[in-house]
Amino acid sequence: MHELTGILDKNGLIFAFLLVGFIMYLSYFISKRLTNHTIPGAAIAISVGLIIAYFGGEKGVASVPAFSGMAILGGSMMRDFSIVGTAMGASFSEIKKTGLVGLLCLVLGTVLAFFVGGTIGFLMGYTDAKSFATIGGGACTFIVGPITGGAVGASSEVIAISIAIGVIKSILVTISTPFVAKRMGIDNPQTAMIFGGIVGSTSGVSAGLAATDIRLVPYGALTATFHTAMGCLLCPSLLYFLVEYWLR
Amino acid sequence: MKIYGVAILAGCSLVGHILGDRLGAIFNLKGNLGGVGFAMLLLILLNDYCKKNQLLKPETESGILFWSSMYIPVVVAMSATQNVKAALSGGWAALLVGIFATLACYLLVPVVAKIAKK
Numbered sequence: 001m002h003e004l005t006g007i008l009d010k011n012g013l014i015f016a017f018l019l020v021g022f023i024m025y026l027s028y029f030i031s032k033r034l035t036n037h038t039i040p041g042a043a044i045a046i047s048v049g050l051i052i053a054y055f056g057g058e059k060g061v062a063s064v065p066a067f068s069g070m071a072i073l074g075g076s077m078m079r080d081f082s083i084v085g086t087a088m089g090a091s092f093s094e095i096k097k098t099g100l101v102g103l104l105c106l107v108l109g110t111v112l113a114f115f116v117g118g119t120i121g122f123l124m125g126y127t128d129a130k131s132f133a134t135i136g137g138g139a140c141t142f143i144v145g146p147i148t149g150g151a152v153g154a155s156s157e158v159i160a161i162s163i164a165i166g167v168i169k170s171i172l173v174t175i176s177t178p179f180v181a182k183r184m185g186i187d188n189p190q191t192a193m194i195f196g197g198i199v200g201s202t203s204g205v206s207a208g209l210a211a212t213d214i215r216l217v218p219y220g221a222l223t224a225t226f227h228t229a230m231g232c233l234l235c236p237s238l239l240y241f242l243v244e245y246w247l248r
Numbered sequence: 249m250k251i252y253g254v255a256i257l258a259g260c261s262l263v264g265h266i267l268g269d270r271l272g273a274i275f276n277l278k279g280n281l282g283g284v285g286f287a288m289l290l291l292i293l294l295n296d297y298c299k300k301n302q303l304l305k306p307e308t309e310s311g312i313l314f315w316s317s318m319y320i321p322v323v324v325a326m327s328a329t330q331n332v333k334a335a336l337s338g339g340w341a342a343l344l345v346g347i348f349a350t351l352a353c354y355l356l357v358p359v360v361a362k363i364a365k366k
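These protein sequences, in sequence, are chains A and B.
Numbering-wise (my numbering), the first sequence opens with residue 1 and increments by one.
Numbering-wise (my numbering), the second sequence opens with residue 249 and increments by one.
Extracted from the complex, chain A is given alone in its bound form (with noise of 0.2 angstroms):
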């Protein structure tokens, strides 16, 4: 048994390829056998991962030393890296149909999540301009959360509760998304910008995505990668400074 553990955490990315694997075969097999394809395979599986994160600690499974090549596999680097391949299914021709509207998109989605989530931690007793301000930061994605409190020099704690806030968000956008994309009518590559561009959680968006339409994940992902530009950009700058303004 020791001996086992001691080439697991050797060969940890490995491991993580090989347990990755039968999660998605798992899953996939669920899919067809028991819901007949209406719960798409790959929402099986990420909702498999987040229920074992939860057994693992603060990276997940990962703080399992045996587990720590899913740190790898799941990490920034390769998730980017991927993410920027899906690229290759994208035309160009229907990314400039949205344009304008896109760009429209970033700047509405993060000053709504902003005002939204600024304003839900107001009433439950965050009063401050720079609490407000973080809290508002972590409704766009939990990137723009600790860097806008960063920012303004939100307490710690605060900036915590943004990356939860971030976080729970980003669950909640990989779980629903196959759910709620037809009524929403996100069926095509336009809408599918549109709800990157407003949404804006990166993995939440393409992992919603992938398990609703997996052609549509580059042009979600798209806008999504840029409506956190977009947040980091205004939130700890002119929407703080208004912020500020109003609660003086």
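A portion of the hints provided could be inaccurate.
[Said to hold, decoys possible] No farther apart than 27 angstroms at their CA atoms in a straight line, the calculated lysine-lysine pairs in the DSS-like style are these:
id : chain 1 : residue 1 : chain 2 : residue 2
1  : A       : 182       : B       : 365
2  : A       : 96        : A       : 182
3  : B       : 299       : A       : 97
4  : A       : 96        : B       : 300
5  : A       : 10        : A       : 59
Everything labelled a hint here was simulated from the structure, so no lab data went into it.
None of the values given here were measured: they were computed from a predicted structure.
Chain B: place on chain A using the hints.
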């Protein structure tokens, strides 16, 4: 060779990251502003150009497509390494803000989609 495709993908990724970092530095932020987005745009434009001039060999392309098809497995690994416990123990504030922010965004999507169609 497949490695050519992987190398092209790596090149686009790195250039995108550099652009994102530079943009972040301009606005005095530690983070990377849209690096992945720039990388994707770069690859899309390159792919468009290569298709028009028939420069991309199927073998090269398959090197990129392999990594693109690894996306879902990578996301599964990513979700397995999230701090789910902390997200759930972030308290009611985190849960409520997360839910309402997501809902608000969802409601806005069909509205904008309708405007875009006109």
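Tested hints:
1. The hinted pair formed by residue 182 (chain A) and residue 365 (chain B) meets the criterion: a straight-line CA distance of about 17 angstroms does not exceed 27 angstroms.
2. Among the hinted pairs, residue 96 (chain A) with residue 182 (chain A) is consistent with the structure: their alpha-carbon atoms are about 23 angstroms apart, no more than 27 angstroms.
3. Between residue 299 (chain B) and residue 97 (chain A) the alpha-carbon distance is near 20 angstroms, which keeps this suggested pair within the 27 angstroms criterion.
4. For the proposed pair residue 96 (chain A) and residue 300 (chain B), the alpha carbon gap of about 17 angstroms is at most 27 angstroms, so the pair holds.
5. Of the pairs offered as hints, the one joining residue 10 (chain A) and residue 59 (chain A) holds, with about 18 angstroms between alpha carbons and a cut-off of 27 angstroms not exceeded.
Every hint, counting from the list given before, is met by this structure.
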